[in-house]
Amino acid sequence: MELKSYDKYRMSFAPPTTSVKLVLLGEAAVGKSSLVLRFVSNDFQENKEPTIGAAFLTQKCTIGERTIKYEIWDTAGQERFASLAPMYYRNAQAALVVYDITKPASFIKARHWVKELHEQASKDITIALVGNKHDLVEDDNDGDDSSLRKVSIEEGQKLADEEGLLFFETSAKTAYNVNEVFVGIGSKIPEAPLLKPQQPQATDGRIDLSTGTAPAADGCAC
Amino acid sequence: MNKDPHKSLFGDSIHNPSQLNHSLGSDVHEWSDETIEKVVSIRFGGDYNLFIRQLSRDITQKEQDIILLRDFYLRRERQFYKVCASHANLTHLEVDKLLDDIQQKDTVDDVLLDMISVAMKEPLAPTLKREPPTTISSNLAQQPDIEAHSSESERRGWLRGWIQSPNDLRYEWVRSTSSLHSGSRTPKGTEDAPIVPPLELVSMSQPGDSTILDPEELTNTDPYGFITENGSENPKRQPGDGSNFDARSSVSQVVNPIDSSYATLQEVGRRHDDEKQAIEARWNTFCNEVMKLRNERNQEETFVPTFGLKALELKTLDRQISFKEDSYLKRLQSLISKQGIPPGSRSKFWFELSGASNIRVPGEYNRLVELAKMHANDPSLIQSFNQIDLDLHRTMPSNVYFHNSTTSLPGPLHHRLKRILDAFVVLRSDIGYVQGMNKIVGNLLIADKRVTEEDTFWLFVSLIDEILPTYHGESYFSPSSLKHIRNAQTELAQVQFALLMPKLYAHLKQLDVQIEFITMNWWLLVFTDICNLMELWYRVIDNLLVSDKSEDFLKALSLGIFKHYEKKLLSLDNYDDVYVLMNRNATRNIGFRELMEITRELERKIGKMEKDRGKRWE
Ligand SMILES: Nc1nc2c(ncn2[C@@H]2O[C@H](COP(=O)(O)OP(=O)(O)OP(=O)(O)O)[C@@H](O)[C@H]2O)c(=O)[nH]1
Ligand SMILES: [Mg+2]
Chain A
1 MELKSYDKYR MSFAPPTTSV KLVLLGEAAV GKSSLVLRFV SNDFQENKEP
51 TIGAAFLTQK CTIGERTIKY EIWDTAGQER FASLAPMYYR NAQAALVVYD
101 ITKPASFIKA RHWVKELHEQ ASKDITIALV GNKHDLVEDD NDGDDSSLRK
151 VSIEEGQKLA DEEGLLFFET SAKTAYNVNE VFVGIGSKIP EAPLLKPQQP
201 QATDGRIDLS TGTAPAADGC AC
Chain B
1 MNKDPHKSLF GDSIHNPSQL NHSLGSDVHE WSDETIEKVV SIRFGGDYNL
51 FIRQLSRDIT QKEQDIILLR DFYLRRERQF YKVCASHANL THLEVDKLLD
101 DIQQKDTVDD VLLDMISVAM KEPLAPTLKR EPPTTISSNL AQQPDIEAHS
151 SESERRGWLR GWIQSPNDLR YEWVRSTSSL HSGSRTPKGT EDAPIVPPLE
201 LVSMSQPGDS TILDPEELTN TDPYGFITEN GSENPKRQPG DGSNFDARSS
251 VSQVVNPIDS SYATLQEVGR RHDDEKQAIE ARWNTFCNEV MKLRNERNQE
301 ETFVPTFGLK ALELKTLDRQ ISFKEDSYLK RLQSLISKQG IPPGSRSKFW
351 FELSGASNIR VPGEYNRLVE LAKMHANDPS LIQSFNQIDL DLHRTMPSNV
401 YFHNSTTSLP GPLHHRLKRI LDAFVVLRSD IGYVQGMNKI VGNLLIADKR
451 VTEEDTFWLF VSLIDEILPT YHGESYFSPS SLKHIRNAQT ELAQVQFALL
501 MPKLYAHLKQ LDVQIEFITM NWWLLVFTDI CNLMELWYRV IDNLLVSDKS
551 EDFLKALSLG IFKHYEKKLL SLDNYDDVYV LMNRNATRNI GFRELMEITR
601 ELERKIGKME KDRGKRWE
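Protein chains in written order, with UniProt numbering: chain A, 1 to 222; chain B, 1 to 618.
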């Protein structure tokens with residue numbers, strides 16, 4: 001506890017930390033939890049237990065002058081739990097929509113998530129489209145028929161361009177491009193509404209008016 | 001077989017071996033004198049010495065063959081047991097194939113070498129290992145059977161099966177987090193003590209857990225008294241906090257670690273023995289009473305369950321009782337909440353209380369497994385099958401029974417898990433496979449290895465059909481139940497939490513914590529994640545099986561975990577610390593008995609609230 005108050009004290013001199021609520025969406029086993037694990041602990045586990053419900057983690061990330069504290073909600077991928085997702089992406093300022101570049105179905109699912117986020121999440125949410133498991137296609141030559149790659153970079157980039165998303169191909173296994181995703185998101189997050197730092201977003205239902213971010217879509221989300 | 005087949009037990013020092021190639025057969029003793037003389041003169045050129053040598057050689061050869069065969073079949077038999085333990089539902093052909101690797105050894109020397117090397121590996125001083133179990137079981141075995149009537153003593157014998165199974169559960173659980181560090185810290189001198197204590201120690205300590213597992217007292221030892229890496233404060237997430245724990249444990253290392261841990265071990269062992277007996281005695285008394293009553297009531301009927309589904313039979317008994325305090329059901333509930341079902345008889349109780357013994361149809365499971373194989377590509381099932389396959393290698397990756405970390409191969413229970421889940425998907429295609437089931441079945445599988453795969457399957461089915469809450473007649477894992485479970489979380493957070501723990505509620509609310517985000521995970525996983533010490537989860541199931549209303553129990557348990565952390569939670573001042581605290585490691589150092597008693601208390605209150613609300617609506 002002492003540590004924490006000291007932290008606060010120190011922080012009043014440091015550049016303000018902005019908290020960003022970030023949610024991960026995507027089909028089961030595309031590597032959402034692995035990406036988070038890589039980002040938070042710089043670690044990788046071959047047999048990561050499936051996520052059920054949603055897992056919560058935090059990680060700080062410095063971008064230029066700013067420190068961003070990500071409050072990450074890593075959701076479950078199984079279709080069965082899709083209806084729970086609004087619980088977690090409500091009020092989120094950022095989302096990672098993840099697919100597996102070796103699984104075409106996961107890309108289709110990613111499209112759905114992007115659409116749903118645009119319809120249901122807050123209007124100014126920053127979304128990154130992430131094609132994961134890049135390590136599996138690393139040594140591919142172009143036009144190689146035996147390639148494991150099933151979703152091309154171009155397809156991913158096209159979807160991102162159409163929908164106004166950031167786009168990355170990553171590997172949680174080799175750490176390729178993982179930090180870049182979070183740095184990329186961080187630099188796109190507008191500074192203004194986040195200046196209310198760790199302070200709880202006021203109490204009860206009385207938050208919304210003061211902040212631009214909060215639940216514009218709240219009413220229709222569920 | 002290309003070695004000299006005649007290399008005998010006693011070496012091959014016999015001269016002129018080429019002449020000794022003609023086995024005489026086994027009936028020389030029945031030959032007439034003339035025949036012997038004839039054979040000697042024709043086959044051995046009249047040399048009796050050669051004849052005798054041949055006889056002796058024949059005998060040795062036969063002995064050798066027998067040794068080889070015996071060794072071969074012994075190894076086959078062992079392999080067969082192993083196969084049975086790790087697979088089930090194999091055809092004869094498959095079994096034969098699996099046993100094919102077992103080859104007959106070429107020479108007796110190989111067998112002897114084998115035996116010698118096995119013998120060399122055996123520890124010379126097994127006392128440390130063997131002592132504690134023998135005291136426990138021999139104590140039990142020596143309990144005199146006072147009963148005179150034969151029928152009565154038979155029943156008691158049967159009852160003893162319920163209560164006094166000497167075998168403790170043994171699950172070898174590789175502790176993923178502690179093993180790395182504890183390896184270097186565990187006392188080195190005790191060679192046959194495992195470096196990483198298997199979880200069986202945790203399970204054995206269960207009766208006295210509230211004293212032994214007292215987090216204040218033994219923060220850096222595991223229940224058996226070995227010094228372990230301190231994990232009480234969730235070190236994974238807060239690496240910075242590790243330093244002071246390190247310091248503490250190294251201090252305790254200085255004081256001769258071997259002696260002190262051995263003493264603790266003995267102390268814990270003794271305490272454990274005593275408590276275990278006391279608890280068993282209490283259970284015995286209770287079961288004897290119930291059995292006697294049941295037998296009096298059901299003279300004619302041959303098959304009457306002792307407790308019945310959710311202990312319904314006890315409710316019938318209770319109807320004859322004039323004083324509420326004597327309620328058998330209440331007594332069972334209280335025994336279970338205080339002590340849990342004794343591990344040795346847990347599976348039997350589970351099987352009856354869950355209703356598995358009622359719904360089980362012999363042979364049906366095998367049929368379902370076969371059906372699952374046949375319909376592997378059925379479009380209505382394939383999604384479930386695929387998801388199961390995705391999740392199998394992600395289920396308990398740190399448990400040796402599911403995943404062998406040295407060979408990276410699936411462990412023996414992996415296959416059982418797959419078959420059980422597949423069979424369930426076939427049986428209940430309306431539900432299909434839902435993530436989280438893998439953990440539940442996984443936990444059930446390691447609960448008691450003596451339970452067959454088939455029985456585990458039925459136990460799982462009845463947990464879902466009979467025990468877990470249902471919503472509008474739909475079972476817990478039905479697609480349509482998800483939103484009801486979600487609503488239950490909202491209600492839990494907004495109503496019961498607010499009314500029963502107003503102070504904590506206000507605090508969490510002020511921090512903007514979404515309580516339902518936390519409890520939702522617990523519910524979807526039926527607490528397998530938050531109660532990730534096996535023994536605690538088994539206790540949860542014990543209590544769930546006799547709870548009056550399972551939804552109330554789950555709510556009470558959720559609140560109970562919060563209640564347990566009330567002080568700590570009140571001291572936190574931002575919501576992510578709350579989320580991090582209430583993650584899966586939260587219950588690591590919880591006293592089981594304490595948690596279960598809080599839970600029971602809360603369950604009572606919730607039940608009463610519901611009743612009052614019901615009345616108000618009327
Ligand atoms: N080769 C490779 N495998 C990966 C990568 N990321 C994840 N995996 C593997 O993919 C599997 C699933 O990873 P998870 O991180 O559990 O996937 P998830 O999206 O969180 O899955 P759910 O929680 O079920 O939704 C695991 O076996 C990982 O080891 C990657 O970048 N490369
Ligand atoms: Mg996950």
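Think of the hints as simulated: they come from the structure by calculation, not from any bench.
Yeah, the Cβ is synthetic: ideal placement off N, Cα and C, and Gly gets one too.
Just to be clear, a hint being listed does not mean it is correct.
Stated by the list, open to error - Some chain A residues well away from chain B (every beta-carbon gap over 10 Å; in silico):
hint	residue
1	GLU49
2	ILE52
3	PRO104
Claimed, not checked - Computed cross-link-like contacts, PhoX-like style, restricted to lysine-lysine with a CA-CA straight-line distance of at most 25 Å:
hint	chain 1	residue 1	chain 2	residue 2
4	B	LYS605	B	LYS503
5	A	LYS158	A	LYS103
6	B	LYS608	B	LYS568
7	A	LYS60	A	LYS103
8	A	LYS123	A	LYS21
9	A	LYS21	B	LYS509
10	A	LYS60	A	LYS158
11	B	LYS105	B	LYS62
12	A	LYS115	B	LYS605
13	B	LYS62	B	LYS97
14	B	LYS568	A	LYS69
15	A	LYS69	B	LYS605
Cross-check of the supplied hints:
Against chain B, the non-interface label of GLU49 of chain A is violated: not every CB pair exceeds 10 Å, the least being about 5 Å. Not every C-beta of chain B lies more than 10 Å from that of ILE52 of chain A, the closest at about 5 Å, which undercuts listing it as non-interface. In this structure PRO104 of chain A is separated from chain B by more than 10 Å, as the shortest Cβ-Cβ distance comes to about 14 Å. A distance of roughly 17 Å separates the Cα atoms of LYS605 of chain B and LYS503 of chain B; the hinted pair therefore holds under the 25 Å criterion.
For the hint linking LYS158 of chain A to LYS103 of chain A, the alpha-carbon distance of about 17 Å falls within 25 Å, and the restraint holds. For the given pair, LYS608 of chain B sits about 28 Å from LYS568 of chain B by alpha-carbon distance, which is inconsistent with the 25 Å threshold. Under the criterion of a C-alpha separation no larger than 25 Å, the hint pairing LYS60 of chain A with LYS103 of chain A is inconsistent with the structure, at around 31 Å. Distance hint between LYS123 of chain A and LYS21 of chain A is fulfilled; the C-alpha atoms sit about 14 Å from each other, no more than 25 Å.
For the hint pairing LYS21 of chain A with LYS509 of chain B, the CA-to-CA distance comes to about 18 Å; that is within 25 Å, so the pair holds. Taken as a hint, the LYS60 of chain A and LYS158 of chain A pair is broken in the structure, with Cα atoms around 31 Å apart against an allowance of 25 Å. Between LYS105 of chain B and LYS62 of chain B the CA atoms are separated by roughly 15 Å; this keeps the pair inside 25 Å, and the hint holds. Using a Cα cut-off of 25 Å, the hinted pair LYS115 of chain A and LYS605 of chain B is violated, with the two alpha carbons roughly 45 Å apart.
Taken as a hint, the LYS62 of chain B and LYS97 of chain B pair is broken in the structure, with Cα atoms around 29 Å apart against an allowance of 25 Å. Pair hint LYS568 of chain B plus LYS69 of chain A holds up; C-alpha atoms about 23 Å apart against a cutoff of 25 Å. Simply put, LYS69 of chain A and LYS605 of chain B have alpha-carbon atoms about 40 Å apart, too far for the 25 Å limit, and the pair is violated.
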